[in-house]
Structures are given as C-alpha cells and as structure tokens.
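Since chain H is already given, all that's left is putting chain F on it; use the hints.
Residue numbers (my numbering), protein chains in the order written: chain H, 483 to 785; chain F, 102 to 344.
No wet-lab data here; the hints were simulated from the structure.
A hint or two may mislead.
[Stated by the list, open to error] Computed list of lysine-lysine pairs in DSS-like fashion (alpha-carbon distance at most 27 Å, straight line):
#1 K685(H) - K166(F)
#2 K322(F) - K686(H)
#3 K688(H) - K174(F)
#4 K239(F) - K685(H)
#5 K324(F) - K562(H)
#6 K328(F) - K570(H)
#7 K141(F) - K685(H)
#8 K686(H) - K174(F)
#9 K322(F) - K562(H)
#10 K166(F) - K686(H)
#11 K694(H) - K328(F)
#12 K570(H) - K324(F)
[What the hints assert, rightly or not] Residues of chain F clear of chain H, computed beta-carbon distances all greater than 12 Å:
#13 K108
#14 A116
#15 K166
#16 L198
#17 G200
#18 T237
#19 A238
#20 D253
[To be verified] To be clear about the criterion: a stretch of chain H counts as covered by chain F if any three or more of its residues have a C-beta under 8 Å from a C-beta of chain F, and this derived list gives those stretches:
#21 547-554
#22 745-755
Note that beta-carbon positions come from the ideal geometry of N, C-alpha and C, so glycine has one too.
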Amino acid sequence: MTNTKVNLCGIELSNPIIPASGTFGFGYEFAELYDINVLGTLSFKGTTLEPRFGNPTPRIAECASGMLNAVGLQNPGVDKVISDELPKLRSVFSKPVMANVSGFGVDEYTETVRRLDTEECIGWFEINISCPNVHGGGMSFGTSCEMAERVTRAVRDVTKKPIIIKLSPNVTDIVSIAKACEAGGADGVSLINTLLGMRIDLKKRKPIIANKTGGFSGPAIKPVAVRMIYQVWEAVKIPIVGMGGVSTAEDVIELMLAGATAVEVGAENLVNPYACRDIILDLPRAMEKYGIESLADIVGAAH
Amino acid sequence: MKDVNLKIVSNKKIAENTYECVLLGDISDITAPGQFVNIKLDGFYLRRPISVCDAVGDRLTIIYKVVGDGTEKMANAKAGCEWMTLTGLGNGYDTSLSGERPLLIGGGAGVPPMYMLAKKLISEGKSVSVILGFNTAKEVFYKEEFEALGADVTVTTVDGSVGIKGFVTDAMRGLDYTYFYTCGPEPMLRAIYNSSESSGQLSFEERMGCGFGACMGCSCKTKYGNKRICRDGPVLTKEEIIW
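Chain H extracted, bound-state conformation (with noise of 0.2 Å):
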C-alpha cells in the first residue's frame, strides 16, 4: 500500500499534487470535468488588489514542447475574486486552497493578503514575486534580494498562515534570492515560475507575443526546475513547493527527489484538462515501480 501523504507547512495533502495559478481559474471549469476533491490543494487564478485586464492579444505562442505565455496577472481584484470567484470554487472544493497574490508594491501585496486572510478556505498564501509579464512590478521584487525579504516581511506582518514565496528563475542566484525569504520569515518557497522567452512570426518579422517576451512553461523547462529545487533545498530549511514542467507521475517523484515537498502541475492542465487527475490516478504504479512506499520518504533523497 503506497502512501501519497505530505505536509505542507503544517498542513497535510493527501497527495502533493497542486494545480499551479494561472492554469486553473479558480477551479470550476476543471470540475465540469472530474471531480478535483483529488487533488492536493490548488493554487488559485493570481490576484492583485485592483481588477487587472492584463496585456494585449495574443498572449500565447508556441514551442517545441511548451509555450510562451504573456497573460499578464488577468483578474477580476481581490474584492471580487472575494465576493464572485471564491464562492464558486468552495461549491466545488472543500480543501483549504492556497491564494495566489501579486502586487507593484510592498502596500498592494500587504493590502490584497489582509483583505484575503479572513476568508477560511485560504490554507496558504503564495506570494508571486516572479510574474515576467508585468512592467514596474512582479519580477522586479523577485530578482533583488533585498526587495524579496522587504515583501516577504511585511506580508509575514499581516497574517498567520503559511506564506509560500514563488520565485523567478530569470536570476542570478536563485539561491540567494530563496535564502533572503527565509530570512524575511517565509514558511516555504516556491519554484520556479516560468522563463523569459520570446517567438518570432516569420512572415511578419515581428514578435508573435504582443508584449513581445513571454513567460515559457512546459516540458521543456523541467531540467532547468530540477537544478533550481535541487540548489535551493541544500540552501534552505524550509519546504519547496516545486514546478516546472511536470506532465507525468515520473515527473513528480523527480521534482521530490531533487527536493520538492509538493509539486505545481502548470502548463499540463492547459493541454490536457485531466493531468492532474491522472497524474494522482498513475502515482501509485510509479511509486511501486521505484520502490517508494510514502512519497513524504523521498523528498530531497537525491542528495
């Protein structure tokens, strides 16, 4: 008998998988499909204090296994995300879910957390310092160490969840950046959001992207996220929540090898709506045929 069981932050999952934001809305249409009571946790639709359009169409290119994206934080604003979005998705899961935040400053991260930490269905926060698609904000305070633990600090100062730091790995030193929100008193990073890229239209001779980069996600991107998770966890002691590229059950015992506690499926869901589910469905075959009988055993076990 396998054991899917992990704990995160103090909070146990029966399985580590996690829908990553910005892949799943906040859950519903998935639920026309299966029913994602299976799932880990989901990390919901990223929110900013103010409703967001986002940047210009087209927003999606893509690549050879994976895609660029240019969405741009799209939401509706913390009050409605409250009053509309959370609602629905509580009709349809009843595990605490894990709130996605973004800002363009240190006030609007702090402002949007309070706002949200009422609401009982928010098990964790993760707080989105890594968006690549949104000018004078996002990225800016995931690239500089100081900028990192100076958010980080200041939402530890608003609420008493767990607060998950996603970070960028258009850095540097991403190590670095991951030792700062543990200092700035994170109970978990996050890794890693998605690849500056960009794809040329041939005929046009112009960017496809209307923002021209796009963040780029998918398969591909899977070795890069294992080095991340991998450098991070000899680094921190906090848990990682780790993703990038993950498609299969395979995928997942990788990510946890290299470190991860629980791992985001993002680009997956897109192509295939059911990846999450069959993704838990296949774990205990690959478990098995690793000899893993608790998934919680494994993490960081590539060391």
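Same frame as chain H, but now just chain F:
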C-alpha cells in the same frame, strides 16, 4: 466539453490549401453552430482550435486551411488515424434572434461554421441568404453544399475570377435582411460591423492556450466586461463589441 478520441473517416483537399475532414466519435457535447473543437496532434504542444462545419449523430465535419506546421500535419493525416479532441467548446451562434430573413457571411476559413448555422436556420423555417467571400476562384468551396440546403448563395472574390468582384460588403449592399451572422478575418468583421444595417453576431479568432477558459490567453474587452474568446465567445453580439 468532453475530451474524446475521434477517428478520421476522410480527409481531402476541397480548395487551395483547404481540407475537409470527416471524423467519427462521441460528439454529443457539440450543441450549437459556431462552436469549435481543439485537436491534439503528435509533436505539437498546444492543441489546434478548429471550427465545427457540421455535426450529425457521431459524424463531425471540419474544414481547415493549412496555415502552419500544425495544420500541415493535419492535412497529411490518413483515414483511420485518431485525434484526441476537446469537443463542444465555445458558445456558438444564437439562432433565436435571426428574424425571418437572416444573412450569413463567411470569409475564407470563416465559411465552415456558416454551414451548420444555415442548416439550423433553414430547419427553423427561416429564409437564409449566404455570402461566401474568397480571394480568388481556386479558394472557393461549399457553394453547392449551401445551395443544396436551400440557401440563396452569393460568392464574391477579390480578384473577380468568380462571382461578384470585390468584398463581401459589396454583395451586402441593397440586400434586405433581418439579422446577420458572420465569421472571417478581423478586417472583414470590422467592415461588416460598420456597414451592416441590422444587429448581428460575429465570431472571432484568437491565439488560444487551452480553448476552455482556464488560461486567459484569448481575453478581449467588451461593453459587457472582459470575455474569453474561447469560453464566453467566439461569438459576440454586434452590440457588445469594442474594436
């Protein structure tokens, strides 16, 4: 929405760069003309969104234009091959607003969804006129198929090699219609929006990530708020469009 395995019955060229493909499988989630399907192809990460031309029982007809590597691969697929396909995507056209004499305008790769729409409107007893716009004679397809349904069909070509020389809007002038439905390239939609004398419904195209509303890749602004072309569209009403 349902993810189903569809088997190719036939896949043949019907005009320049244009293929008609008949697929067999569970297409019960296709409920309205103007909806689309999203097809998974080996070797390509994202699916290919293709409009529904016709759906009868378990037979789905799609017509697609070869515009890139993905549609090129589709064109090379043989009968018997299977494609995993998300079916029943998008809102589709609402026929209840058509009035007695609806006008259907399809441009190029926007012609196919007009076929199932014409069929439905005719079955509802409406007197249907269709304008099919192409660049040139060798791109023309489905004229006879629309006529066989009992629609009054006008073809336009930009170079005048067949039908009326000019754009679909040239053929619209002087026509008496109660409502319009259209699908085609955005400049055509814009011209129809500006010259049409009735209200109507327009179907839009956009690069999509998922095709079912999860990724926000294909959002647009409307007078009724932000909409996702794939989920809240692809059909928008004339009244709500912001250009």
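(request) Taking the numbered hints from earlier one at a time, note which ones the structure violates and give those numbers from smallest to largest. (result) Violated: none.
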